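Turn these sequences into a full structure, and let the hints steer you where they fit.
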Amino acid sequence: MENLALWYRRFGEPDSVLQPETAPLGELAPGHLRVQMLFSPVNASDLIPITGAYRHRTPLPAVAGYEGVGIVTQAPAPFTGLVGKRVLPLRGQGTWQRYVDCPAEYAIPVPDNIDSRLAARAYINPLAAQMMLAHYPPQGKRVLLTAAGSDCAILLGQWARQRGAQAVYGIHRSPVHAERLDAMGIIPVAQQDTTRIGAIAACTDVVYDATGGALAEAILNVMPEQGMFVCYGLLSGQTFRQQRPMPRVAWFHIRNYLDALSVEAWHAEFERIWPQLRGSQYSHATVYPLTEWQRALSAYREGGRTGKPILSMMA
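Its first residue numbered 30, the sequence shown is counted upward by one per residue in the numbering used here.
No lab work stands behind these hints: they were computed from the structure.
All figures in this text were calculated on a predicted structure; none of them were measured in a lab.
All C-beta atoms, glycine included, are put in the ideal place defined by N, C-alpha and C.
Treat each hint with caution, since some may be false.
To be verified - FRET-style restraints, in silico, Cβ to Cβ:
1. A228 with T51: 52 to 62 Å
2. S203 with P59: 26 to 36 Å
3. D222 with L57: 52 to 62 Å
4. E254 with Q323: 45 to 55 Å
5. Q310 with E134: 25 to 35 Å
6. E42 with G242: 15 to 25 Å
7. P59 with M30: 11 to 21 Å
8. P140 with A163: 34 to 44 Å
9. T51 with T87: 49 to 59 Å
10. G55 with Y286: 46 to 56 Å
11. C232 with T51: 50 to 60 Å
12. A52 with A289: 48 to 58 Å
13. Q323 with M30: 21 to 31 Å
14. Q48 with H313: 27 to 37 Å
Right under this line is the structure:
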């Protein structure tokens, strides 16, 4: 049996360095599951490592992709009950391939009432949002989101409201996001409206920032000193300087928390995620066959995009 995978053997722009490669499946390692993939999304966290931004912790060659959903085809003795069931094959191989081998104890079973295209996106953004809200609680606070049209931000906004945030504002670049954010209870703020952003930031208690750069600096310059600024991404490609000793700035990287989770705690995080995700608004999925991965990457980069490109691994 052969596998088709998107490999990169050098760092660079994903369109240039990703290459589809076919090879026979090897022996399944002890303690691992073999999963026939169904869907895997395209996220910033998938693309950034390919560029070499994290080369110190990205050994080459590598298969791209960090999350997805598939059906278990082989399992070791303690996990044979998972054969034929859907799982998230996490913390193992790259997921942009038709078959993924993963540590059996870290595979996350998918509830029957969760659609596969939603399950494929249940890791990176939902877990990051859940952990940020646990470590930097929004209850009773005024919350400001940057890159508010992104998948992580829309979950942060909805779940912050559920956790008792006083108000949630979302800064967006494209007007197509305004109506969608408003329907989620997130007050839309155009990124071009610098005066309004400044007035809101001056009264904000917690910022969840995914952009960095000039926008982050502008917000930090006017935030109350007792506020909390949580940076979890640099989508602008630019870092930022804090020109005042306060407010406090925290850098959130999900990888820093994973090693501290026991297997039981890891599974418990998803037990909390499933009902929240099922009851939340999320970006709709636009499906592309694995063989059309370049189209999926192009769609991901479209300005004002409201859908999530997802690779169908069996098409």
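_Outcome for the supplied range 46 to 56 Å, where the beta carbon pair is G55 and Y286_ = violated, 31 Å
*Check the following: the C-beta atoms of P59 and M30 are separated by a distance inside 11 to 21 Å.*
Given a distance of about 19 Å, which is inside 11 to 21 Å, the answer is holds.
*Between Q310 and E134, is the Cβ distance one that fits in 25 to 35 Å?*
With a Cβ separation near 32 Å, Q310 and E134 satisfy 25 to 35 Å, so the hint holds.
_Range hint 34 to 44 Å (beta carbons of P140 and A163) holds or violated_ = For P140 and A163 the Cβ distance comes to about 22 Å; the hint is violated.
*Per the hint of 48 to 58 Å, is the separation of the Cβ atoms of A52 and A289 within bounds?*
violated, 35 Å
*asked:* Within 45 to 55 Å: is that where the Cβ-Cβ distance between E254 and Q323 falls?
replied: The hint (45 to 55 Å, Cβ to Cβ) holds, given that E254 and Q323 are roughly 48 Å apart.
_Please check whether Q323 and M30 have a Cβ separation lying inside 21 to 31 Å._
Distance hint for Q323, M30 holds at roughly 26 Å.
_The hint says 52 to 62 Å between A228 and T51; measuring C-beta to C-beta, is that right?_
holds, 56 Å
*Status of the given 26 to 36 Å range, CB of P59 versus CB of S203*: violated, 49 Å
*Take the C-beta atom of T51 and the C-beta atom of T87, compute their distance, and say whether it sits inside 49 to 59 Å.*
violated, 23 Å
*asked:* Just to be sure I understand the hint, the distance between the Cβ atoms of D222 and L57 should be within 52 to 62 Å; is that true here?
replied: Taking Cβ atoms as reference, D222 and L57 lie about 55 Å apart, which means the hint holds.
_Assessment of proposed distance window 15 to 25 Å (beta carbons of E42, G242)_ = holds, 21 Å
Checked against the numbered hints above, the structure violates hints 2, 8, 9, 10, 12; every other hint is satisfied.
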